Each structure stands twice: as C-alpha cells, then as structure tokens.
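Quick note: to get my numbering, add 47 to the position in the sequence shown (first position is 1).
No lab work stands behind these hints, which were simulated from the structure alone. Heads up, some of the hints might be wrong.
Restricting the straight-line Cα-Cα distance to at most 16 Å, the calculated cross-link-like pairs of lysine to aspartate or glutamate (EDC-like) are [said to hold, decoys possible]:
hint : residue 1 : residue 2
1    : 744       : 725
2    : 562       : 590
3    : 568       : 499
4    : 759       : 743
5    : 763       : 789
6    : 744       : 774
7    : 701       : 686
8    : 759       : 741
9    : 400       : 385
10   : 566       : 679
11   : 312       : 337
12   : 755       : 789
13   : 152       : 167
14   : 338       : 446
15   : 215       : 205
16   : 462       : 446
17   : 234       : 205
18   : 444       : 497
19   : 566       : 548
20   : 444       : 474
21   : 400       : 429
22   : 744       : 789
23   : 375       : 725
24   : 765       : 208
All of these numbers come straight from a predicted model, not from anything done at the bench.
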Amino acid sequence: MRSAAPKRGFYIAILMLLGLLVTPCMAQEKPSAKIRAKQGPWSIQAARLIHDKSRDVYEATGGVVISSRDKSIRSERIIYNIKTQIIELPEEFVFSYGRDYIQGKSAKIDLKDETGWVKEGRVFIKENNLSVKGKRLEKTGPFSFKAEDAEFTTCDLEDPDWSISCSKVDVTYEGYGLAKSVVFRAKGVPVFYTPIFPFPAKKRRQSGFLLPDLGHTTLGGYEVDLPLYWSPREDFDATVYTHYMSERGVMEGLEARYFSTERIKGMWRVDYLDDGLSRKDRIDAGFRAEKRNRWWLKAKNDFTLPGAVEGRLDLDLVSDRDYLGEFKSGFSSFDRVEKSLEEFMNRGFVNDKNSLTRESILGLTRAFDTVLVTGETRYVQDLDLARDETTLSRLPKIEASAIKQKLFGSPLYWKGDASYTYFYRREGTRGHRMDLYPRFSLPFRVSYLDLEPSAGARETFYYLDAYGERPGSDIRDRRAHTREIYDLAAEAFTRFYRIYEPRSAGVEKLRHEVKPFVKAKYVPYVNQRKNPRFDQEDRMARDTTLTYGITSNLLAKYLEGRSEDYSYFNPLRFTLEQTYDFNEAERNSELWRGKQSFSDVRLQAELNFPRYLEVEYEAAFSPYEYRVTKNELLLNLSDKRGDALKLDYRYLAKTEKEKFLDRLLKPAKLPVSNSDEEVGAALTVALSPSMFVDIEKNYSISKGQSLKTGAKLRLKAKCWSLTFGWEEEPGDRRFAVTFTLEGLGGF
Numbered sequence: 048m049r050s051a052a053p054k055r056g057f058y059i060a061i062l063m064l065l066g067l068l069v070t071p072c073m074a075q076e077k078p079s080a081k082i083r084a085k086q087g088p089w090s091i092q093a094a095r096l097i098h099d100k101s102r103d104v105y106e107a108t109g110g111v112v113i114s115s116r117d118k119s120i121r122s123e124r125i126i127y128n129i130k131t132q133i134i135e136l137p138e139e140f141v142f143s144y145g146r147d148y149i150q151g152k153s154a155k156i157d158l159k160d161e162t163g164w165v166k167e168g169r170v171f172i173k174e175n176n177l178s179v180k181g182k183r184l185e186k187t188g189p190f191s192f193k194a195e196d197a198e199f200t201t202c203d204l205e206d207p208d209w210s211i212s213c214s215k216v217d218v219t220y221e222g223y224g225l226a227k228s229v230v231f232r233a234k235g236v237p238v239f240y241t242p243i244f245p246f247p248a249k250k251r252r253q254s255g256f257l258l259p260d261l262g263h264t265t266l267g268g269y270e271v272d273l274p275l276y277w278s279p280r281e282d283f284d285a286t287v288y289t290h291y292m293s294e295r296g297v298m299e300g301l302e303a304r305y306f307s308t309e310r311i312k313g314m315w316r317v318d319y320l321d322d323g324l325s326r327k328d329r330i331d332a333g334f335r336a337e338k339r340n341r342w343w344l345k346a347k348n349d350f351t352l353p354g355a356v357e358g359r360l361d362l363d364l365v366s367d368r369d370y371l372g373e374f375k376s377g378f379s380s381f382d383r384v385e386k387s388l389e390e391f392m393n394r395g396f397v398n399d400k401n402s403l404t405r406e407s408i409l410g411l412t413r414a415f416d417t418v419l420v421t422g423e424t425r426y427v428q429d430l431d432l433a434r435d436e437t438t439l440s441r442l443p444k445i446e447a448s449a450i451k452q453k454l455f456g457s458p459l460y461w462k463g464d465a466s467y468t469y470f471y472r473r474e475g476t477r478g479h480r481m482d483l484y485p486r487f488s489l490p491f492r493v494s495y496l497d498l499e500p501s502a503g504a505r506e507t508f509y510y511l512d513a514y515g516e517r518p519g520s521d522i523r524d525r526r527a528h529t530r531e532i533y534d535l536a537a538e539a540f541t542r543f544y545r546i547y548e549p550r551s552a553g554v555e556k557l558r559h560e561v562k563p564f565v566k567a568k569y570v571p572y573v574n575q576r577k578n579p580r581f582d583q584e585d586r587m588a589r590d591t592t593l594t595y596g597i598t599s600n601l602l603a604k605y606l607e608g609r610s611e612d613y614s615y616f617n618p619l620r621f622t623l624e625q626t627y628d629f630n631e632a633e634r635n636s637e638l639w640r641g642k643q644s645f646s647d648v649r650l651q652a653e654l655n656f657p658r659y660l661e662v663e664y665e666a667a668f669s670p671y672e673y674r675v676t677k678n679e680l681l682l683n684l685s686d687k688r689g690d691a692l693k694l695d696y697r698y699l700a701k702t703e704k705e706k707f708l709d710r711l712l713k714p715a716k717l718p719v720s721n722s723d724e725e726v727g728a729a730l731t732v733a734l735s736p737s738m739f740v741d742i743e744k745n746y747s748i749s750k751g752q753s754l755k756t757g758a759k760l761r762l763k764a765k766c767w768s769l770t771f772g773w774e775e776e777p778g779d780r781r782f783a784v785t786f787t788l789e790g791l792g793g794f
C-alpha cells in the first residue's frame with residue numbers, strides 16, 4: 048500500500064496556508080477595509096482594527112473576516128508585525144480556500160523566511176475527502192515541512208472506519224518524506240505497524256510500483272499482475288506490466304503515453320508471452336494450439352499537421368485468433384485495455400474481441416467551408432489464416448464530400464461525393480477505383496405537403512494492376528474498366544402536431560408530432576459482372592422500391608429542480624414502415640422461396656424517462672410467413688436506491704435462403720437452426736445503502752449454452768469498498784477480491 052498521497056496533504060495544506068493566508072497587509076484603522084496585495088484585493092472586516100505606530104503592528108479583533116474571491120480567514124484576533132513580517136493567529140481560526148480548509152488552535156507565520164506553524168491543526172482537501180490532523184504542523188523552510196502526532200483518513204475524522212497515524216513526518220517538497228511509527232487502524236484497532244516509512248513527496252506523477260492485480264483462472268492458474276510506473280517528464284509516462292501465470296509463464300507488457308496537448312497525444316501498448324500451456328490443455332479448452340509466441344500490439348494516436356489537417360493512427364495487430372479470447376484477466380485483457388483507451392483517447396477498438404478481423408488505420412481529415420476531405424490507409428488483418436492472403440486492405444482511400452447547398456442561387460440544390468481507393472491483397476485481383484457521384488434535388492411545398500425529387504449520376508473508373516480470379520469468373524482480365532449508372536428518388540411527407548400543457552411532475556409542455564412519409568427510389572439494371580468486385584459498391588443492384596410509413600415523436604419540456612433552466616427529452620418515439628419492391632414482383636420464383644414483393648413490416652421504438660427507464664425496441668414481421676422475424680429489446684431500469692435491471696434480448700430468424708443453404712451444407716443428422724437467439728440480463732440489488740449484489744447472465748437460446756455467468760457482492764462505505772467477484776465463460780472461470788481505500792487506490 049502506498050502512503051505518499053496522504054502525507055502529501057500535510058505540505059499541501061501548509062502551502063495553502065502560507066501562500067494565501069499571509070498576503071493581507073493591514074494598513075488601515077477602520078472596522079472594515081480593502082487592501083490590494085500581489086494576489087489581488089482583500090477585504091477585512093473586524094470589530095476593531097488598531098495600528099500600534101511604535102511597534103508598527105496592526106491588530107484586528109472581534110469577528111475578523113479576511114476574504115478574497117474564494118479564500119477567507121475567520122478568527123477572533125489577527126496580529127501583523129510589519130517590521131518582522133510575522134503574522135500571528137493566537138486564537139482559533141479557519142482558513143477556507145474553495146471547498147478545502149485549514150483550522151487550528153493557533154498559528155504563526157514568518158513571511159521573510161517562509162516558515163511557520165499551526166497547533167492542533169486540521170486540514171481538509173475535498174478532492175479525495177482527505178482529512179489530516181496533527182498536534183503541530185510546521186513549515187521549516189521554503190521547501191521543507193514536518194508534522195507531529197499526525198493522523199489522516201478519507202473517512203469522517205471523528206470516527207473513521209480506517210486511519211493512518213504517525214508520531215512524526217518530515218517532508219521535502221518535490222523530494223521525499225520519512226514517516227516514523229506508522230500505524231494503520233481499522234475502527235480504531237491497530238492492524239499494521241512499521242517503524243519507518245519513506246515515500247515520494249511530489250505533486251507531479253511519481254515513478255514506482257503500482258498496486259498489483261491478484262487472481263486465479265482455469266487456464267492461467269494463480270496470477271499476479273505487477274505494474275511498474277515510470278514518469279520521466281510531465282508530457283510522457285510509461286508502465287511496464289509483469290503478469291505472472293503459474294500455468295503459462297510470464298507475460299511482459301509495455302504501455303507508453305504522451306500528451307503534449309489535447310490535439311497531440313497517444314497511447315502505445317504491446318504484450319508478449321512465451322506460452323507454457325500445453326497443446327492438450329489449450330485444445331481441451333476449445334482453443335487452437337497454433338503458436339507458442341503470443342503477442343498483441345495496439346495503439347491510438349491523435350495529431351495535428353500544418354494546414355489544419357487533423358490526423359489519427361490506430362493500430363490493432365495480434366498473433367493469433369484465440370489470443371483475445373484466452374487472456375481475459377489482468378491489466379492486459381481486452382476489456383481493461385479498451386477501457387484505458389476510451390478514458391485516455393475517447394475511443395476504443397474498431398472491432399470487438401470476438402471478431403476475426405483486426406483493423407489498423409492511418410487517417411487524415413481537412414474541413415473546408417462546404418467540403419470535407421478525408422484520407423486513410425486501412426490494413427485488415429484476417430485471423431482466419433485460410434482467408435488472410437486474399438483479404439482486401441485499402442491503401443489508401445481518399446474521399447471528398449460536399450454538403451447540400453444551393454446551385455448558383457437557383458431553386459436547385461446539389462451535393463456530391465468523390466473517392467479514390469487502391470485495393471491491395473497479397474493474392475487475387477487488386478487495383479485502383481475512382482468514383483464520382485454528384486446529386487441534385489428540388490425541394491418544394493404544396494399546401495401541407497413537402498416534396499423533394501432528386502437525381503444522381505455515378506461514374507466509376509477501374510484500373511487493375513494484378514488479376515487473380517478463379518477460372519470461369521465473369522470478371523475480365525482487363526486493366527481498364529468503367530461503369531456508368533444513374534438513380535432517381537423522391538420523398539413526400541407532411542406533419543401534424545399538437546401541444547399539451549400537463550404542468551405535472553415538472554413537465555411544462557408536451558409536443559406530439561406525427562409524420563407520414565413516402566419514399567420512392569429507382570436504380571436501373573446495369574450489367575457489371577465484367578468489372579472487378581472489391582466491395583458492395585462495385586455491384587449496384589437494380590432498385591425499384593417504394594417505402595411508406597409513419598413516425599411519431601413526443602417531446603417533453605420540463606423544469607429541473609427549482610431553477611429556471613428547462614430541459615428537453617423524448618419520452619416516446621417510434622417509426623413504422625414497409626417497402627414494396629417492384630423488381631421483386633417481376634422476379635421468377637427461386638428454389639428457396641416464392642415472390643415476396645412486400646418487405647417485413649419494421650418497427651423501431653424508444654421509451655425514455657431520464658434516470659429511471661430507457662427502452663429501445665426493434666421488430667420485424669413477415670406478411671408471408673405470418674411470424675416475427677426480428678426482435679431486439681434493450682431495457683435499462685433503475686431507481687434512486689441503486690437498484691438496476693438491464694435486459695438485452697436478440698432474436699433474428701434465418702431467411703429461407705439461409706436455411707436452404709444450411710440443409711445443403713450440414714450433415715443430415717445435424718439439426719438446422721431456424722434462428723439466432725440470445726438473452727442477457729444484469730441485475731443490481733441494493734440490500735442496504737452500503738451493500739449491493741450484482742448478477743449477470745448471457746445465454747444463447749438457439750445454441751442451448753451459457754455464454755457468460757457472473758456474480759459480485761459489493762460492500763461500499765464512504766471511504767472504502769470491498770468486492771467479492773466470480774465469473775465463468777466457456778473454458779474459463781475467474782475469482783477476484785478487490786479492496787479499495789478511497790483516495791489511496793485498491794488491490
């Protein structure tokens with residue numbers, strides 16, 4: 048356990064007292080006065096303000112209050128000697144600075160040599176609820192301090208759940224400190240003692256060992272993760288992670304961070320393990336035994352180049368497909384690393400830990416008044432080795448997008464997109480693609496109806512520098528290819544709304560809006576089979592569809608608290624729509640299904656009551672099969688006590704084509720699943736204000752197996768917390784106990 052942070056409170060408190068208390072120069076003989084010092088104007092109020100000219104001493108008595116902005120000193124008597132530059136507080140005083148304060152029985156400060164003392168003093172620092180009290184707090188020089196019979200805690204000082212006391216502590220500011228006869232107490236009972244305890248006494252980040260992470264997993268055995276922190280400069284730090292696993296060996300990790308400004312910062316991290324787990328144990332756990340050398344490289348970087356160009360570099364490369372699924376505990380686990388990235392860089396990974404592809408991106412962006420230009424190189428690592436050689440990467444891709452704007456002051460509007468991409472892979476067809484796509488629209492209104500017809504023209508150029516298609520492919524071995532295609536669209540909608548004034552539960556007004564709409568789209572058939580196929584943009588399918596539906600939106604205006612500030616939220620909104628496909632109506636019946644001109648009826652709904660209830664629901668119903676084909680529900684329910692329920696349900700029916708292919712590819716004895724269905728639930732129950740139970744379960748209904756099960760018991764007090772946790776996933780089981788002292792950290 049580290050004790051540097053609490054001892055730091057002693058000298059921080061003295062600095063506050065000396066740096067901010069000693070500035071008044073009481074050169075007035077009035078009950079109240081204003082004095083201007085180096086730190087700004089100070090106001091003095093007192094029953095009497097006397098100047099003894101013979102000694103050149105000022106004395107304020109009777110309800111003395113000295114204040115400047117968020118600083119104030121209160122006492123019954125304050126004496127200031129101009130000749131000796133000594134301030135005396137002979138009676139009880141309270142010095143407040145923002146939400147922090149120092150109080151004591153008496154104090155004396157010498158401004159010349161920057162020394163002073165406080166008797167029976169107490170310091171409170173709100174940031175981490177730190178309270179420090181001592182028989183004598185003393186500043187012995189410009190950068191040195193000491194305290195006698197000191198005690199500190201982040202609990203209530205009168206009856207703390209825990210506290211640390213010492214007979215004496217000496218501190219050198221931006222140096223080191225030494226505490227003697229250090230005792231850790233729990234509810235006043237001594238549980239730990241050390242005769243001396245050295246510690247760094249600096250306000251800047253300190254190098255040294257951080258609290259370890261202890262645990263046990265099925266594959267790793269007993270585990271200890273010990274981080275070593277190194278901070279050579281204010282704008283750079285690094286952490287070395289040594290993760291010992293009794294069954295696998297030692298995983299070494301290195302994390303480096305730089306943060307010159309908010310626009311220039313980055314985080315790099317690499318982990319490596321010479322895996323000692325036997326091939327049999329890995330295979331028995333459901334993993335492959337492909338490699339012994341396991342590693343993971345990840346990084347996030349933001350930077351600014353000349354010309355207002357914003358850039359970012361994201362790296363995510365891993366040794367094998369099972370790495371992220373095997374190492375789920377410790378500081379190097381996927382969840383821990385992603386949390387660190389989100390906290391420091393405000394973004395996580397592009398792909399989740401179950402994905403078989405990892406993506407690394409170098410991107411540049413330049414915004415102009417009406418055009419946004421972006422460029423990126425995107426390397427895709429396919430962890431399925433059978434596909435990695437043919438997986439496409441974009442090296443690079445450059446796009447320019449013009450926002451919707453008027454065309455030379457006419458009623459017409461236009462917007463446009465242009466892009467260039469080089470598609471690269473080690474095996475197979477690769478080459479260049481340039482795409483130009485301007486679009487024009489004419490919005491107008493007829494009575495209560497809003498209409499907007501639009502048209503777009505697309506020109507695509509290809510140039511191949513390698514050809515690697517299978518025999519019989521429709522794609523031609525030709526260097527230059529082109530494609531021309533156009534599309535037409537139209538949208539019509541109207542709005543109806545009504546305003547209600549319930550004036551209850553803080554809601555002032557409700558605005559209910561209903562918006563019926565119709566959208567039509569036409570893309571003609573164009574033969575594109577001879578052109579290369581890099582992604583879905585290379586095959587623009589014929590599209591003759593009509594989409595119709597209705598949206599309903601409820602907007603609430605309510606008053607928060609007793610202030611005059613109004614807030615807005617959407618208690619309810621939903622969209623109901625369906626699409627009719629004219630092309631489908633003309634299609635000949637196929638093997639797995641007949642004509643289905645009408646799409647599923649789609650519903651999207653959101654229910655929202657801030658701080659209590661959030662519901663997102665999405666469903667689809669087939670008018671041909673008369674069944675629900677999609678059901679997704681996300682529910683968050685909570686109350687003021689701390690109880691919470693999270694429910695995540697997902698049901699997706701397989702299409703007739705998917706079931707047909709399953710029957711062809713699977714052996715006859717194996718059943719064919721008609722759907723993918725999963726449910727997840729997380730429940731938090733507040734047994735008391737300080738005791739919580741967390742239960743989590745994820746289950747695959749379609750596969751009939753548990754995906755994740757976990758439970759925690761959390762004991763939480765104002766200044767400490769204790770957590771007992773258990774978690775199980777296929778092939779792995781973990782236990783953890785976490786004990787945290789507020790303001791000091793946890794282990």
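Against the structure, the hints:
| no. | hint | result |
| --- | --- | --- |
| 1 | 744 x 725 | 11 Å, holds |
| 2 | 562 x 590 | 25 Å, violated |
| 3 | 568 x 499 | 12 Å, holds |
| 4 | 759 x 743 | 9 Å, holds |
| 5 | 763 x 789 | 10 Å, holds |
| 6 | 744 x 774 | 10 Å, holds |
| 7 | 701 x 686 | 38 Å, violated |
| 8 | 759 x 741 | 5 Å, holds |
| 9 | 400 x 385 | 10 Å, holds |
| 10 | 566 x 679 | 25 Å, violated |
| 11 | 312 x 337 | 36 Å, violated |
| 12 | 755 x 789 | 30 Å, violated |
| 13 | 152 x 167 | 6 Å, holds |
| 14 | 338 x 446 | 39 Å, violated |
| 15 | 215 x 205 | 21 Å, violated |
| 16 | 462 x 446 | 14 Å, holds |
| 17 | 234 x 205 | 11 Å, holds |
| 18 | 444 x 497 | 37 Å, violated |
| 19 | 566 x 548 | 34 Å, violated |
| 20 | 444 x 474 | 20 Å, violated |
| 21 | 400 x 429 | 13 Å, holds |
| 22 | 744 x 789 | 30 Å, violated |
| 23 | 375 x 725 | 21 Å, violated |
| 24 | 765 x 208 | 9 Å, holds |
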